[in-house]
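Protein chains in written order, with numbering that gives the first Met the number 0: chain G, 0 to 256; chain W, 0 to 57.
No lab work stands behind these hints, which were simulated from the structure alone. It cannot be assumed that every hint is accurate.
[What the hints assert, rightly or not] Straight-line distance between alpha carbons at most 35 Å, and here's what the computed DSBU-like set of lysine-lysine pairs gives: (1) G:Lys219 <-> G:Lys256; (2) G:Lys219 <-> W:Lys22; (3) G:Lys243 <-> G:Lys174; (4) W:Lys50 <-> W:Lys22; (5) G:Lys78 <-> W:Lys22; (6) W:Lys53 <-> W:Lys36; (7) G:Lys174 <-> W:Lys4; (8) G:Lys135 <-> W:Lys16.
Nothing here was measured: the structure is a model prediction, and the numbers come from that model.
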Amino acid sequence: MDHNETIRREFTHQAESFGKPGLTLSSQEYLAWMVDILPLNPEFRVLDVATGTGHLSRAIAPHVSQVVAIDMTPKMLEKAKEEAAKAGLGNIIFEEGDAAALPYQDNSFDMVVSRLAIHHFEKPQLQLREMIRVCKTDHAVGIIDLLSPSDQSVIETYNRLERMRDASHTLALTKDQLAEAMEAAGLSISGMDSRDIQVDFGLWAEMTATDPHTKGEISKELEQELRGGAKTGMRPFMQDGKLKFLHTWCVAIGIKK
Amino acid sequence: MALDKELLEILVCPKCKGDLVYKEAEYFLICNACKLKYPIQDDIPVMLIDKAIKIDKS
């Protein structure tokens, strides 16, 4: 199956669960952290690439003139549009499109952002170059994504477990790799801020509707690590009787040269 | 609802990055160079090359 089809398939059945309470992706605390770091301006027209159900677009919209939110999964956009209307935000425009072939003229946006998308792309250089192309010179491209652990010995296991849960996961980059990829695509890194995010294992697997057998296989590896077994890179722990683990999220800002 | 005028100014064909013609009554954005029609569904332009409709040459 073509990877774009895998993305559409995965996100079509994830669309409804994206708004569920307790998920890290909809956490207002983390969204506030991102909005705080992004150099937003009330005059700006911002492009949100691979918006999903539009969490970041809605967080940004009150701080800018207009947000253009693009995604390749119709079901996600349907939900995003519904949520924007519910929030009374009239300055978000939605479009169905591919991050690797953006339908905009060069230098069209005052800022381009993309959240939790890079790790779904097979060749993120393609999407990064497109984001940079449509951004104005001397303006910012903000990439927010999951990071792989920097410990080389667990990178493969970490990404394998993420792929078991969600087939559209390709590869999360390490912090250095993300910076290198952004620089190679034509950005000058102006800031990177990362933080560890606690994730509830049950909710995480539920969000992607991961089948019970696979969910069991993943949890088995995390539980083995808890008992002193091989490291997975997921950094599992128990809290209130629940299996949890840590993700590292990064907000990286690059300026178009 | 009509498409945002300012957005129409920056929208291009995702394939050739050339100008599009907006056929408001037909709910299509047309790239004459690529001979492709991009549909507008529920006010959302569908700017995907694989979902665009080929225009007959005849």
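Consistency of the hints with the structure:
Distance check on the hinted pair: Lys219 (chain G) and Lys256 (chain G) sit about 47 Å apart at the alpha-carbon level, beyond 35 Å; violated. With a C-alpha separation of about 56 Å, the suggested pairing of Lys219 (chain G) with Lys22 (chain W) is violated against the 35 Å cut-off. Proximity of Lys243 (chain G) to Lys174 (chain G) is assessed by CA-CA distance (about 22 Å); at most 35 Å being required, the pair is judged to hold. For the proposed pair Lys50 (chain W) and Lys22 (chain W), the alpha carbon gap of about 17 Å is at most 35 Å, so the pair holds.
Restraint check for Lys78 (chain G) and Lys22 (chain W): the C-alpha separation of about 27 Å stays at or below 35 Å, so the hint holds. For the hint linking Lys53 (chain W) to Lys36 (chain W), the alpha-carbon distance of about 6 Å falls within 35 Å, and the restraint holds. Proximity of Lys174 (chain G) to Lys4 (chain W) is assessed by CA-CA distance (about 39 Å); at most 35 Å being required, the pair is judged violated. A threshold of 35 Å between alpha carbons decides the hint, and for Lys135 (chain G) with Lys16 (chain W) the separation of about 16 Å falls inside it, so the pair holds.
Comparing the model with each earlier hint shows violations of hints 1, 2, 7; every other hint is respected.
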